[in-house]
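*Asks:* Order-wise, the sequence lines are chains C and H.
Start counting the first sequence at 23; every next residue gets the next number (my numbering).
Start counting the second sequence at 3; every next residue gets the next number (my numbering).
Check each hint, because a few of them may be wrong.
[As the list claims (entries may be wrong)] Examples of chain H residues lying across from chain C (beta carbon under 10 Å, computed):
id, residue
1, Pro-22
2, Met-99
3, Leu-293
[To be verified] Stretch-level coverage of chain H by chain C, calculated; a stretch enters the list once three of its residues show a Cβ under 8 Å from a Cβ in chain C:
id, segment
4, 111–117
5, 123–137
6, 455–469
7, 543–549
FYI, nobody ran anything at the bench for these hints, they're computed from the structure.
Ideal Cβ placement from N, Cα and C applies to all residues, glycine included.
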Amino acid sequence: MMDTSTLLALVQDGVVNGAIYALLALALVLVFAVTRTIFIPVGEIVSFAALTYAGLDNNATPKVLVLTMGLGLVAFLRGAIRARGRALLMLGLETLAVPATVTAVVMVVVPMQLGIVANAAIAIACVAPIAPLLYRIAFAPLAEASVLVLLIASVGAHLALSGLGLLVFGPEGARGEPFSDAVLEMGPIILPGQAIWVLAATLATMIGLWAFFRFTLAGAALRATAINRRGARLVGIATDQAGLRAFWLAGMIAAVSGVLIAPLTTIYYDGGFLIGLKGFVAAIVGGLVSYPLAALAAIAVGILESFAAFQASAFKEVIVFAGIIPVLLWRSLRHVSVEDEE
Amino acid sequence: MKPLYWLALAALAVLLPWLPGLPLFWVSLACQIGICAIIATGLVVLTGVAGMTSFAQASLMGIGAYATAVLSTNYGLSPWLGLPAALIASLLVALAMGAVTLRLSGHYLALGTIAWSVSLYYLYANLDILGRNDGISGIPPLSIAGWKLIDIRASAVVIGLGLLGAMITTRHLLDSRWGRAMRALRGGAVAAASVGVELGQARMLAFVYAAVLAGFSGWLFAHLQRAVNPTPFGLVAGIQYLLMAVVGGAAHLPGALLGAALVVLVNNSLQDWLPHLVGPGVNAETVVFGLALVLMLQAAPTGLWPLLARKAKPRHHDTTTTALPRKTMPALGSVALQAIGLQRRFGGLVAVADLSFTLHQGELLGLIGPNGAGKSTSFNLLSGVTQPNQGRVELAGRDMTGSTPQDMARGGIARSFQHAKLVQSLTVIENVALGTHLRGAASPVAAVLRRDRAEEARIFAEAAVQLERCGLADLADASATELALGQQRIVEIARALAAGPSVLLLDEPAAGLRHGEKQALAALLRQLRAEGMAILLVEHDMEFVMSLADRLVVMDFGTVIAEGRPQDVRNNPAVIEAYLGGVA
Numbered sequence: 023m024m025d026t027s028t029l030l031a032l033v034q035d036g037v038v039n040g041a042i043y044a045l046l047a048l049a050l051v052l053v054f055a056v057t058r059t060i061f062i063p064v065g066e067i068v069s070f071a072a073l074t075y076a077g078l079d080n081n082a083t084p085k086v087l088v089l090t091m092g093l094g095l096v097a098f099l100r101g102a103i104r105a106r107g108r109a110l111l112m113l114g115l116e117t118l119a120v121p122a123t124v125t126a127v128v129m130v131v132v133p134m135q136l137g138i139v140a141n142a143a144i145a146i147a148c149v150a151p152i153a154p155l156l157y158r159i160a161f162a163p164l165a166e167a168s169v170l171v172l173l174i175a176s177v178g179a180h181l182a183l184s185g186l187g188l189l190v191f192g193p194e195g196a197r198g199e200p201f202s203d204a205v206l207e208m209g210p211i212i213l214p215g216q217a218i219w220v221l222a223a224t225l226a227t228m229i230g231l232w233a234f235f236r237f238t239l240a241g242a243a244l245r246a247t248a249i250n251r252r253g254a255r256l257v258g259i260a261t262d263q264a265g266l267r268a269f270w271l272a273g274m275i276a277a278v279s280g281v282l283i284a285p286l287t288t289i290y291y292d293g294g295f296l297i298g299l300k301g302f303v304a305a306i307v308g309g310l311v312s313y314p315l316a317a318l319a320a321i322a323v324g325i326l327e328s329f330a331a332f333q334a335s336a337f338k339e340v341i342v343f344a345g346i347i348p349v350l351l352w353r354s355l356r357h358v359s360v361e362d363e364e
Numbered sequence: 003m004k005p006l007y008w009l010a011l012a013a014l015a016v017l018l019p020w021l022p023g024l025p026l027f028w029v030s031l032a033c034q035i036g037i038c039a040i041i042a043t044g045l046v047v048l049t050g051v052a053g054m055t056s057f058a059q060a061s062l063m064g065i066g067a068y069a070t071a072v073l074s075t076n077y078g079l080s081p082w083l084g085l086p087a088a089l090i091a092s093l094l095v096a097l098a099m100g101a102v103t104l105r106l107s108g109h110y111l112a113l114g115t116i117a118w119s120v121s122l123y124y125l126y127a128n129l130d131i132l133g134r135n136d137g138i139s140g141i142p143p144l145s146i147a148g149w150k151l152i153d154i155r156a157s158a159v160v161i162g163l164g165l166l167g168a169m170i171t172t173r174h175l176l177d178s179r180w181g182r183a184m185r186a187l188r189g190g191a192v193a194a195a196s197v198g199v200e201l202g203q204a205r206m207l208a209f210v211y212a213a214v215l216a217g218f219s220g221w222l223f224a225h226l227q228r229a230v231n232p233t234p235f236g237l238v239a240g241i242q243y244l245l246m247a248v249v250g251g252a253a254h255l256p257g258a259l260l261g262a263a264l265v266v267l268v269n270n271s272l273q274d275w276l277p278h279l280v281g282p283g284v285n286a287e288t289v290v291f292g293l294a295l296v297l298m299l300q301a302a303p304t305g306l307w308p309l310l311a312r313k314a315k316p317r318h319h320d321t322t323t324t325a326l327p328r329k330t331m332p333a334l335g336s337v338a339l340q341a342i343g344l345q346r347r348f349g350g351l352v353a354v355a356d357l358s359f360t361l362h363q364g365e366l367l368g369l370i371g372p373n374g375a376g377k378s379t380s381f382n383l384l385s386g387v388t389q390p391n392q393g394r395v396e397l398a399g400r401d402m403t404g405s406t407p408q409d410m411a412r413g414g415i416a417r418s419f420q421h422a423k424l425v426q427s428l429t430v431i432e433n434v435a436l437g438t439h440l441r442g443a444a445s446p447v448a449a450v451l452r453r454d455r456a457e458e459a460r461i462f463a464e465a466a467v468q469l470e471r472c473g474l475a476d477l478a479d480a481s482a483t484e485l486a487l488g489q490q491r492i493v494e495i496a497r498a499l500a501a502g503p504s505v506l507l508l509d510e511p512a513a514g515l516r517h518g519e520k521q522a523l524a525a526l527l528r529q530l531r532a533e534g535m536a537i538l539l540v541e542h543d544m545e546f547v548m549s550l551a552d553r554l555v556v557m558d559f560g561t562v563i564a565e566g567r568p569q570d571v572r573n574n575p576a577v578i579e580a581y582l583g584g585v586a
């Protein structure tokens, strides 16, 4: 039998992991709503950010910058086939200048050893641009394709990126320094500092996103594109730009998740995939459209996982992924309309 | 295709591996290609034909492989007994998976298969009976009359024949009543439902068929490798099979073999020279594969095979075979279709407020009204596509309220659509043949065994007769995409007639027709009426509808504002106001 303190520890563990899944679920819902892309490579962004953050412990220039700049070059060449004049200049700024600037700044900042929070920022800055660059390379050219084609392309991008991850980071795993060693005791609950950081960062990101969508014009444009793509285009919103912004946000959210999870567990180059998939489970519960439902589901996934790990650790993943099936069943019972799918 | 042709291919499969001087390494590659091509063949049916995506085919292959591995090692059964076990196991697993996931729309289904794939992978890796991560080794090879097929060339023969068998059964299945139903799932689901195709059954059929092929491939794989472990049944492998289908051309059967061959060969040469390029221990081929998949979708979304394929030769359709069974037409003048106080709201919008009318056998009733009057919604209510919030629909005196489009089709209603809904991947005559779905009875198993030929001949004879009647016999073998809009509408009428209905609902059939074509259509409708057909006609061409209709029902803002003979309605002040606007 489980005693109360074990129970509390499991719930706490679940909530902390669930918070990270919630962040990923938000990123996935955002990207899907705006571009209809199911962004499977979100997992690679998580691992790359975690590994980059952990690698900064010994003050080396992050290896991932090679990947970011390389992807920038590919994205530039891919776009340069069509772009001319001003468009080419903008493309160059976006795909070449941004990664180059990040690299230059990082190379200056890293030797200064500014501490853990700076390291987190560096890791995020190095890895987050990968998402919009992927959009330029893989998804923007398919913007008018069906969800299914975009999904297959997304799986392709995941495969390529995970292979590149092995190339860049090698097969060894790494674990990052916790943000804080403090431990908060509240009666039977013992809350480590990292857990507080995770919960606070998740909450801050959610509030930030909410404010962005609610109060800024760019956020409104994203919402409009999500609700009605054609309509948004008719009122003069560049849906291509909206897609790019969605991927930027998703890249940043995923990189934040990666940095948050780095001190909690040892991460390997391909470890993010499973973490991302759990975000998916939550996003699907929210129907890929509802942010609050997805966030709640993510917490539930985290708790389910933590109990499954305690009771039947070998079958942890089976239980979590099979957990999506009742949800799919429930969705399929509600979904009865006959529709034409292309 | 001719049996002789298949026989030649079978002989080739048996003899080719023994060609003197053929390196054994090539034979082993061919075995790999064959095993992959069988799975890709299943994906052609599932993804290319039926438009559903599965990332779980490798996991389903694992079901077949583990089933035979357990039976032939733990229980010492013959590998040949493992074959039915592998097929049945994958069939049952697919039925269970499909029951839960298949009603989901496209990308949910694909995501669902990712979840299944990950779950099954961890299940394989953690179950004691399956040997956990180590898997099961010491699986016996296939043997024929005591002769063990250990020689790779002997295995190649079995795999070659297996692939050939899979291709033949798939070709048979696609060229059948259910094959057309599965094709209709891609972009023609609403039309297929209107002629009685149970979409859920068609989806399940495609899913289960692909799974059984994967299970079959798994059985071959287990006895070729003589050992199984979870790795080849994971998600990455599942993605590779999808890549094969996409590269080859998911809608084309030979594309499965082409795609499998390309992917296996490229993979092989990559494994040869990539380590020299980037150093050992680096998984560079996954990078190349991922990029290839993305580039493929951007550059040639329909795959490579269509670039190589020739156009199919037109077929001859004999119109003289015995007719298909059809329901007898009810007595002339009896009540065919009755709408009683139908109402339909969409949120705050009342599309149809109160619609009542009666249609008799042998009567042509015109339903007219300005744009937005609720005519198309009425059609959807009458054909079961949309359910009314209030009111009833009666078909020959039987209450049909709440019925599905399929129930309505069984009850004798056939319809056309305002925006023509033809299945793009079928020819004109195949589209019409889809209309006979409920009049045929052949099961998918009968189709695979070619026991449906007599019925198919009758189906195509009926389709040819209806096309001729509608004046489109010349276009029978044209692709549905080649037709002008007006012609597409006429094909829809032919498809509706092929269903053998007693009530015909036509949504703006004359739109887009030239004068001569309109006259031909009018003549056809008069003839159908004389045969006792009840016809409800929505039309904007006033001259056309006034000259044809026995009675008119005029709608405006979702309600009936006038009803009666054409000349009376023409002079009705409410009608004039609705069309020309109020004169204050």
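*Asks:* Pro-22 (chain H) was flagged as interface toward chain C. Is the shortest Cβ-Cβ separation under 10 Å?
*Replies:* violated, 40 Å
*Asks:* Under 8 Å between beta-carbons, do enough residues of the segment 111–117 of chain H, three at least, approach chain C for the coverage claim to hold?
*Replies:* Per the Cβ count (5), the hint holds.
*Asks:* Okay, the segment 123–137 of chain H and chain C, do three or more residues pass the C-beta test at under 8 Å?
*Replies:* holds (count 3)
*Asks:* Does the CB of Met-99 (chain H) sit less than 10 Å away from some CB of chain C?
*Replies:* holds, 9 Å
*Asks:* Counting residues of the segment 455–469 of chain H whose CB is closer than 8 Å to a CB in chain C, do you get three or more?
*Replies:* Violated, because only 0 residues of the segment 455–469 of chain H bring their Cβ atoms closer than 8 Å to Cβ atoms of chain C.
*Asks:* A closest beta-carbon separation below 10 Å is what the hint needs, so does Leu-293 (chain H) meet it against chain C?
*Replies:* holds, 5 Å
*Asks:* Just to make sure I understand the rule, a stretch counts as covered if three or more of its residues have a C-beta closer than 8 Å to a C-beta of the chain. Does the segment 543–549 of chain H meet that for chain C?
*Replies:* violated (count 0)
Of the numbered hints stated above, those contradicted by the structure are hints 1, 6, 7, listed in ascending order.
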